[in-house]
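*Asks:* So the sequences go chain by chain: A and B.
Just so we're aligned, residue 1 is where the first sequence starts under our numbering, counting upward by one.
Just so we're aligned, residue 270 is where the second sequence starts under our numbering, counting upward by one.
Hints were generated in silico from the structure; no laboratory data involved.
Derived DSSO-like pairs (lysine-lysine); straight-line CA-CA distance at most 27 Å:
id: 1; chain 1: A; residue 1: Lys263; chain 2: A; residue 2: Lys242
id: 2; chain 1: A; residue 1: Lys160; chain 2: B; residue 2: Lys338
id: 3; chain 1: A; residue 1: Lys260; chain 2: A; residue 2: Lys115
id: 4; chain 1: A; residue 1: Lys242; chain 2: A; residue 2: Lys203
id: 5; chain 1: A; residue 1: Lys260; chain 2: A; residue 2: Lys203
id: 6; chain 1: A; residue 1: Lys260; chain 2: A; residue 2: Lys242
id: 7; chain 1: A; residue 1: Lys5; chain 2: B; residue 2: Lys438
id: 8; chain 1: A; residue 1: Lys242; chain 2: B; residue 2: Lys338
id: 9; chain 1: B; residue 1: Lys338; chain 2: A; residue 2: Lys203
id: 10; chain 1: B; residue 1: Lys338; chain 2: A; residue 2: Lys260
id: 11; chain 1: A; residue 1: Lys144; chain 2: A; residue 2: Lys160
id: 12; chain 1: B; residue 1: Lys438; chain 2: B; residue 2: Lys454
id: 13; chain 1: A; residue 1: Lys62; chain 2: B; residue 2: Lys338
id: 14; chain 1: A; residue 1: Lys242; chain 2: A; residue 2: Lys160
id: 15; chain 1: A; residue 1: Lys144; chain 2: A; residue 2: Lys242
id: 16; chain 1: A; residue 1: Lys263; chain 2: A; residue 2: Lys203
id: 17; chain 1: A; residue 1: Lys225; chain 2: A; residue 2: Lys115
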Amino acid sequence: MEELKPSRHATPVPSIARRLVVVTIGVVFAIHTALITIWIQPSNPFRDAVGQKNLYSYINNKVFPFEQSWSVFAPTPRRGGENVKIRAYYGRPGDPDTRVTEWFDITGNEDQRIKYLVNPSRFHSATRRLGGNINSTVGQFNDKQRLIIAGALYTSPRSKLADLLRQTNTRGIAGLQAISQYLDNDEMLTRYGTMYATARWGKGVTAVEFQVGHRSVPNYTQRNKENFLDVPFTYYRVGVRKAMPGNADAQAAFNGYVPKAPKSSKDGE
Amino acid sequence: MSQPSVASRGLDLVNEWYDRFESWLLTDKRSLYGASLARILSGCSVMGILITNFRVRNLMFGQGSVWNKPAQDGNDMYWPPRLIVSHMGNTTFLFYYLLVIFVALLFVLGWHTRLVGALMLIGHISIIERIPVLGDQGDNILRIGTLLILFLHTSEYWSLDARRRARTKAEPMGSGSGGIIAVVKNLYNSQRVLPSWFTNGLHNVVLIALGWQLIMIYFSAGWFKAQGPLWFHGTAIYYPMQLQEYKPFPFLTDAMTHFGVMVGLGTYVAMVVQIGFGFALLHPIARRIAIFCAIMFHLSIAVFMALPWFSLSMIAFDSIFVSTTTFIVFDRWIRSRLRPVADLFWDVADPIVDRLPGRNRQPSPVSSAAAD
Chain A
1 MEELKPSRHA TPVPSIARRL VVVTIGVVFA IHTALITIWI QPSNPFRDAV
51 GQKNLYSYIN NKVFPFEQSW SVFAPTPRRG GENVKIRAYY GRPGDPDTRV
101 TEWFDITGNE DQRIKYLVNP SRFHSATRRL GGNINSTVGQ FNDKQRLIIA
151 GALYTSPRSK LADLLRQTNT RGIAGLQAIS QYLDNDEMLT RYGTMYATAR
201 WGKGVTAVEF QVGHRSVPNY TQRNKENFLD VPFTYYRVGV RKAMPGNADA
251 QAAFNGYVPK APKSSKDGE
Chain B
270 MSQPSVASRG LDLVNEWYDR FESWLLTDKR SLYGASLARI LSGCSVMGIL
320 ITNFRVRNLM FGQGSVWNKP AQDGNDMYWP PRLIVSHMGN TTFLFYYLLV
370 IFVALLFVLG WHTRLVGALM LIGHISIIER IPVLGDQGDN ILRIGTLLIL
420 FLHTSEYWSL DARRRARTKA EPMGSGSGGI IAVVKNLYNS QRVLPSWFTN
470 GLHNVVLIAL GWQLIMIYFS AGWFKAQGPL WFHGTAIYYP MQLQEYKPFP
520 FLTDAMTHFG VMVGLGTYVA MVVQIGFGFA LLHPIARRIA IFCAIMFHLS
570 IAVFMALPWF SLSMIAFDSI FVSTTTFIVF DRWIRSRLRP VADLFWDVAD
620 PIVDRLPGRN RQPSPVSSAA AD
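Build the full structure now, drawing on both the sequences and the hints.
*Replies:* Structure, rendered in C-alpha cells:
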C-alpha cells in the first residue's frame, strides 16, 4: 500500500508558546467532553462529584444546549401503542340543542399516513406522542385525580383543573411533577383538537372531548399467534375541554392537513 | 555494556508515544476526507428533515405549531434562533423554510462552508426547536455534531471551496487597509487566513471531541441496554418493531420477527456493537468491522424503523473514523465512475459561471499545463 503524503496543511511541530495555545484549546474541549460523558452515562459517582445542578446548568444552558439522552429503548424497550379519539361540541356541552359529532380516530388517520413510508413526518405521530405522555402521567394518578380529568372543564378556567389535581395529590413532589406534565399535555391536546375539529367539522367548535387509549405488544412467545393490531385499546376519558382556537394562519395549516368529514356520514353529525 | 532498566524502557516508550501524539495533534489536519463526508451527509440530513416535513411545515414549525405552546414556552433554550420564526406568518415562513433548505444545499456543496454552515445551524435550530414535544435524539446529535464540525476543516475535498481554492492564489496579508482587503479576499477564496499550526491544533482537538462524543453515545446506549432483562434475553427489538410508527413495512418486520434467531441476533448485535464500538477502534481490522457494523446497524434502523435522518446523521459523523487510505481508494473509484457526469456538469456550468459580473477567473494549474 502506498504511503500517505502529508496534506497541504502540514507544518513542523510549533514552538512551546504556540503549543500552549493548542493545549489551552484542548483543555477547554476536554472539560466539555468530560461533562458530556458524565451526563450521558447512567447515574454515577462522577455526577455526584460535579453536582447534579452544575451539570444540568451546563448541559441545558440557554444559548446552545448539549442536551442528549441515549437510553432509547433501554433498559426496557417501548412496548405499548397509544390512540387518541376526538369529538367536538357546537354549543354549550349538556344543552339539548348542542350538536355533538361522532368520535373520530385521529391516531388511526396518522397510522394510514405513515404506512409504507421510510421517511414519515414526525407530525404524523403528534397524537400518539401526546397520548403517550398523557398515559404515562395518568398512570401515576390516584382514582380521585382520574375522576377529575374525566370531568368537564368548560366554564371554569384551566387553573381550576390544576388546583383540583394539586389538592388531591398524594405523592409529594413526584406527584406535582406528574400534574405539571399532565396539564401541559392536556392543553396541547386541547389546542391540537380544537384546530383539528374545526378543520374536520367546520367553524364554531365550542369544546372538544377525548378518549385516550393504550394497548400492549403481545409477549414475544405469542408473536406468531397474536397480532398487535388486533389487541383492543383500553380507553379512558379526558373530559370536555373548552375550545382553544389558533389564529387564522394556524387554522389554515390544519385545514390543509385534516380530512374533511363527509357531509352524509354520522361522523359529521 | 549493561541493559537499560525496565523503568528506562518504560519512559522511552512513554516519550515515544507522546512524540507521536504531539506530531499527530500539531503537524497536520487529520481525517480530512472523513470531515468532508461528514459535512456532506450532515447537510443532507438537515435537508432531508426539512424536505420530509415540507408539507406539514406550518403545523410543525410555523403558526400552526401553536398547539404545542406549553412545550415551546417551557423550552427557553436556544433563545436567539428560536425567536426568528415565532412571529412569521405562513407566507414569510415558506420563504424562510426554503432559504434554510437552500443554505443546507450550499453546505453540502461546500460553498463558503464555514459561513454557510453557521447559517445552516442557526436556521435549522430556529425551525426544529419550534416543536420540542416531537423532538428526538436525532435532532440532538445533528445539532451537536454540526456545531463541532464547524470547527473542522470540512471543505478540503468534494467542495466548491476546494475548487475555488485551486483556481486562486493566497494574497499576502500585510498590515493596514491593504491587509484587511487581502484577508477578505482570502476568506472569500477559501485561502488560508489563520496560521496552520493553530488551525491544525483546533481541527484535531475538535476531531477528538467529536470522536469521543460518538464513542460515548454508542457506549452509553449499549450500557443502558445491558441493564434490561429483555435485551439480556435477546428479545428486546421485537417489541418496538411491532409499533406502527416503527413498522413502515409490516411484511418485512413480520418476516424478520417470525424467526426467533433473527430477533436474538438483531438484539445482541445491536448491544454488542454499541458497547464494543469504542474498543474496536483501537485495532485497524476491528475498527473496519465496527464501522461496517455501525453503518449496517443504522441502515437497518433507517429502513426497518423509519428513522432515516437520525441514521444518516450518525453515519455522517461516524465517517471521521474511516481511514484516509480507504477514502482515497473510494475517491478514485467514484471519480472514475462519475467522470463523464462531472465533465458534462462543468462543461455546462463553467461558461455560465465565467460570465457572471465581477468574475475574475484565473486559470487553474491543470488547465494552464494543458495549454502549454
